[in-house]
Amino acid sequence: KDRAALYQQIAREEPAPLRSLDADIDKGLEAIVQKCLKKVPAERFASAGEFADELQRWLNGEALKTRPDSLLRKTRRFCRRRPLVASLLAVFLFAPPVATAVAHYMQHRELWNMQSDLAAGKRVEVVGDGGVPRWYAPHDSNSVEASLGRDGYQLFQSWDQYS
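Residue numbers (this note's numbering): 2 to 164.
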């Protein structure tokens, strides 16, 4: 309806994959057509002859030189076109595992420091100033066993999980 909007769409947006319009279209032919429609001239066929040779290979059922875009290339193109959306997706995808890893480290670093000091033969203070334990975390049966001693003191016993 509006030529200016159509020209803007052609200039800025990637065309829809042919197979999204017709699932019966051959993947090789789709790759050839998509290469013809690339926005960056260096990514298109260098000449009409090269394009004709590739079409002839497809018609003869031979192996094509043209390959469909990789997931990495599609991702890069998406990030360039929509940087804000890509940034938000990255935050929502990567923030939870990073936060979990940092929380795990913060929760267990005091114990790991105590264990390495014990392994090095150093004296370890289990209870800090004011009777507050230097380390506390939920029971982890793979590395630490905490129990109440006969005299009411908290006992810590650790062992190497590979021994």
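Hint data in this document are derived by calculation from the structure and do not stem from the laboratory.
You may find that some hints are simply not true.
Calculated lysine to aspartate or glutamate pairs in the EDC-like style (CA-CA distance at most 20 Å, straight line) [to be verified]:
| # | residue 1 | residue 2 |
| --- | --- | --- |
| 1 | 75 | 31 |
| 2 | 75 | 111 |
| 3 | 28 | 3 |
| 4 | 36 | 15 |
| 5 | 40 | 63 |
| 6 | 2 | 23 |
| 7 | 39 | 63 |
| 8 | 36 | 55 |
| 9 | 2 | 14 |
| 10 | 36 | 3 |
| 11 | 36 | 25 |
| 12 | 40 | 25 |
| 13 | 66 | 31 |
| 14 | 28 | 70 |
| 15 | 75 | 51 |
| 16 | 75 | 63 |
| 17 | 36 | 51 |
| 18 | 36 | 14 |
| 19 | 39 | 27 |
| 20 | 75 | 54 |
| 21 | 36 | 70 |
| 22 | 2 | 31 |
| 23 | 39 | 54 |
Now for the hints, and whether the structure bears them out:
1. 75 to 31: Satisfied, since the Cα-Cα distance of roughly 15 Å is no more than 20 Å.
2. 75 to 111: 44 Å, violated
3. 28 to 3: Violated. Residue 28 to residue 3 sits at ~32 Å, over the 20 Å cutoff.
4. 36 to 15: Status holds; Cα separation ~11 Å.
5. 40 to 63: 27 Å, violated
6. 2 to 23: Outside the cut-off at roughly 24 Å; violated.
7. 39 to 63: 23 Å, violated
8. 36 to 55: 11 Å, holds
9. 2 to 14: OK: residue 2 and residue 14 at ~17 Å, within 20 Å.
10. 36 to 3: 26 Å, violated
11. 36 to 25: 19 Å, holds
12. 40 to 25: 25 Å, violated
13. 66 to 31: Holds: residue 66 and residue 31 sit about 13 Å apart, inside 20 Å.
14. 28 to 70: 11 Å, holds
15. 75 to 51: 24 Å, violated
16. 75 to 63: 26 Å, violated
17. 36 to 51: 12 Å, holds
18. 36 to 14: Holds - the C-alpha atoms of residue 14 and residue 36 are around 14 Å apart, at most 20 Å.
19. 39 to 27: The given pair, whose Cα atoms are some 19 Å apart, holds under the 20 Å limit.
20. 75 to 54: Status violated; Cα separation ~26 Å.
21. 36 to 70: 9 Å, holds
22. 2 to 31: 27 Å, violated
23. 39 to 54: 18 Å, holds
Against the hints set out earlier in the document, violations occur for numbers 2, 3, 5, 6, 7, 10, 12, 15, 16, 20, 22.
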